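A.B. asks: Okay, here's what each chain looks like letter by letter:
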Amino acid sequence: MGRERLTALELELESELDYPQVGVRPQAPRPLWSRTLRRLKIPLMLLPALLVIVLLFGGGLVSALLQSLGYMPIIGRHEFTLDAYRHIFRDPVFYRSLGLTLWISLVSTSTAVVLAVISALALRRPFRGKRFVSFIYQLNIPIPHLVGAIGILLLFSQSGFLARLAYFGGLIQQPSDFPALVYDPYALGIILEYVWKTTFFIGVIVLSALQAAGDEYENVARTLGANRWQRLRYVIVPTITPAVLSSSILVFAFTFGSFEVPYLLGQRFPSALPVLAYRQYVNPDLNARPEAMALSIVISVIITLLILLYMKLAKRE
Amino acid sequence: MNSRLYNSLLWSIRLAIVVGVLILFVPLVVWSFSRSWYFPNLVPTAYSWRAWSYIFDPTSRVWPALVNSFVIATAVTLFSILIGLPAGRALGLHQFRGKTLVEFLILMPTIVPVLAAAFGIHVMFIRYGLSDSLLGVVLVHLIPVTPYVVLILSSIFANYNIEYEEQARSLGARPWQLFLYITLPAIFPGLVVGSLFAFIISWSQYLLTLLIGGGQVPTLPVMLFAFATSGDYALTAALSLVFIGPALLLLLLTARYLTGENAALGQYVKQ
Chain A
141 MGRERLTALE LELESELDYP QVGVRPQAPR PLWSRTLRRL KIPLMLLPAL
191 LVIVLLFGGG LVSALLQSLG YMPIIGRHEF TLDAYRHIFR DPVFYRSLGL
241 TLWISLVSTS TAVVLAVISA LALRRPFRGK RFVSFIYQLN IPIPHLVGAI
291 GILLLFSQSG FLARLAYFGG LIQQPSDFPA LVYDPYALGI ILEYVWKTTF
341 FIGVIVLSAL QAAGDEYENV ARTLGANRWQ RLRYVIVPTI TPAVLSSSIL
391 VFAFTFGSFE VPYLLGQRFP SALPVLAYRQ YVNPDLNARP EAMALSIVIS
441 VIITLLILLY MKLAKRE
Chain B
52 MNSRLYNSLL WSIRLAIVVG VLILFVPLVV WSFSRSWYFP NLVPTAYSWR
102 AWSYIFDPTS RVWPALVNSF VIATAVTLFS ILIGLPAGRA LGLHQFRGKT
152 LVEFLILMPT IVPVLAAAFG IHVMFIRYGL SDSLLGVVLV HLIPVTPYVV
202 LILSSIFANY NIEYEEQARS LGARPWQLFL YITLPAIFPG LVVGSLFAFI
252 ISWSQYLLTL LIGGGQVPTL PVMLFAFATS GDYALTAALS LVFIGPALLL
302 LLLTARYLTG ENAALGQYVK Q
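For the protein sequence lines, the chains are A and B, in the order given. Heads up, the first sequence is in the numbering used here, so the first residue is 141 and it goes up one at a time. Heads up, the second sequence is in the numbering used here, so the first residue is 52 and it goes up one at a time.
Same shape as in the complex, but just chain A (with noise of 0.2 Å):
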């Protein structure tokens, strides 16, 4: 017994020497099924999400590639055709499509970029009442684009609330007098609605950037006598230029693919893409549907294109 127990005592000390944490044993080498398990752990884990993403999103995708190529086995189509591309990149109200929705996508990412990093300035510091005001900041940006859609509807209509003060200020007789804002051929009523959801969640990640660099290096820069604008220039604009970029590429991306903001503010011709793509869709005419799917692997093509083209932009910078 006294010996056995020096035995596992001498082991116990050898083991110390091999494997330097304490109290770990040496384990007999597992099974096959368990290390194969292990190897497959992380894909495992990994697999539901990603079935979710390359089933369902990708394989729409392919389905709407094909489909957009003239491939529809439903209705006993199976050659490949570019017909509908060639049909699209000929059609005039393509273009005038393409051109609102890059207008819609530009003006209102770039205002509420402006805004966002404006408003997020006036928030960074403490003052009375920040909590109040930081969480209005955020109030709507969980709201859905169809309320805010809504919002804009009933504002500013031509007998919406803005054109009612208009008229007691005198500055119109009837609705008709008041400047279109919504179904307009700027998409005025459109942007409005993009730049009031959006610069908000800009700014909400401009100013967690501002928060997390600190008061540090502009004091670095006052005490070296940079004026108000020298802080700015040399150091807020470059603490926030990651964050306005990443999140402004989110917005500009939303903004050129999404659809129902344009679908009930906008006016019915010229359409944004995805407007357009959609009356396609729902075309009763069987030979719309390969212009439709095309249109939106357009759009989403341009997307892409765009973005890749923005983040080479950025990196250069």
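None of these hints come from the bench; they were simulated from the model. Fair warning: this is a prediction, and the values are worked out from it, not measured in the lab. Note that CB positions come from ideal geometry on N, CA and C, so glycine has one too. Heads up, a few of these hints could be off.
[Claimed, not checked] Straight-line distance between alpha carbons at most 20 Å, and here's what the computed SDA-like set of lysine to any residue pairs gives:
#1 K181/A / G143/B
#2 K181/A / L144/B
#3 K270/A / L303/B
#4 K181/A / L191/A
#5 K452/A / S250/A
[Claimed, not checked] Residues from chain B that keep clear of chain A, each with C-beta distances beyond 10 Å, as calculated:
#6 T96
#7 R101
#8 R112
#9 L117
#10 V118
#11 D183
#12 A209
#13 N210
#14 E216
#15 A219
#16 A224
#17 Y232
#18 P269
Take the given structure of chain A and dock chain B to it, following the hints.
C.D. replies: Coordinates of chain B only, in the frame set by chain A:
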């Protein structure tokens, strides 16, 4: 610019933020109680509860849409959490080959518009009998929801201290006990925020529901769109306010969880 002027500039910006955000909600509230409010009156000439009592009348057309929206969003939330938990854990806690690719793939639906995929899926779903059904709508809602849930949970797991699990295991805890007593309490705040995000993203879907549901699955946004284009502004406004309910709930909760006031999360955020 002197500092007094600068200060008043700051305050006018802050005021503009508050007014700018809230101004869109004002007409919604007023319209929802109005009975007649014609141009050019600045306030309604008659008020009524009509819109509100219509919405909460179980025999109205709105009620089934509300139920549908709630059932769909709840199912989507449950599924997305079940999908997102293991994926978020793998991405937040482990390094492995191809991680960047997986992250890129999972983020794809947040950048590439879902329109093209929705058109393609619709045709696939028609073939498998999933279109015009609740299940089909739930499945397709998982596309925009999954990236956000995985993202939120992986950032929670990135700050999660796995040593607690090892301690519990060395004390003899079984896997389910590990999850229930160690993992779950630690990730709970993230789970709540992730679930609410999932719920709201599903709750807000319009185009996907319209396409895949094919009008057979009326949800709140589908109904809201119909009212907004029909010109019944009182009903549209009241329904809009119901529609933003979950978003407001999310905000109240995240305001509490994300300001570091909560001990459970704060502990991990600090590390």
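A.B. asks: All hints are to be evaluated individually against the structure, with a verdict given for each.
C.D. replies: Status of the hints after comparison with the structure:
Distance check on the hinted pair: K181/A and G143/B sit about 14 Å apart at the alpha-carbon level, within 20 Å; holds. With a C-alpha separation of about 13 Å, the suggested pair K181/A and L144/B falls inside the 20 Å cut-off, and the hint holds. At roughly 16 Å between alpha-carbon atoms, K270/A and L303/B fall within 20 Å of each other, so this suggested pair holds. The straight-line distance between the Cα atoms of K181/A and L191/A is roughly 16 Å, inside the 20 Å bound, and the hint therefore holds.
Only pairs whose Cα atoms come within 20 Å are accepted, and K452/A paired with S250/A is accepted, the gap being roughly 18 Å. With a cut of 10 Å on Cβ distances, T96/B stays outside the contact zone with chain A, its closest approach being about 12 Å. For R101/B, the requirement that its beta carbon stay farther than 10 Å from each beta carbon of chain A is met, with the minimum near 17 Å. At roughly 18 Å, the least C-beta separation between R112/B and chain A is larger than 10 Å, which holds for a residue marked as non-interface.
For L117/B, the shortest C-beta to C-beta distance to chain A comes to about 15 Å, beyond the 10 Å cut-off, and the non-interface label holds. Non-interface status of V118/B relative to chain A is upheld: no Cβ of that chain comes within 10 Å, the nearest being about 18 Å off. Every CB of chain A is more than 10 Å from the CB of D183/B (nearest about 15 Å), matching its label as outside the interface. Annotated as non-interface, A209/B keeps its C-beta farther than 10 Å from every C-beta of chain A; the closest such distance is 15 Å.
Residue-level check passed: N210/B sits 15 Å from the nearest beta carbon of chain A, beyond 10 Å. At roughly 14 Å from the closest C-beta of chain A, the C-beta of E216/B stays outside 10 Å, upholding its exclusion from the interface. Listed as outside the interface, A219/B is consistent with that label: its C-beta sits roughly 16 Å from the nearest C-beta of chain A, beyond the 10 Å cut-off. Taking the minimum C-beta to C-beta distance to chain A, about 17 Å, the non-interface status of A224/B holds against the 10 Å cut.
Distance to chain A confirms Y232/B as a non-interface residue, since its nearest Cβ pair spans about 21 Å, more than 10 Å. At roughly 15 Å from the closest C-beta of chain A, the C-beta of P269/B stays outside 10 Å, upholding its exclusion from the interface.
Figure legend: structure checked against the earlier numbered hints; every hint is met.
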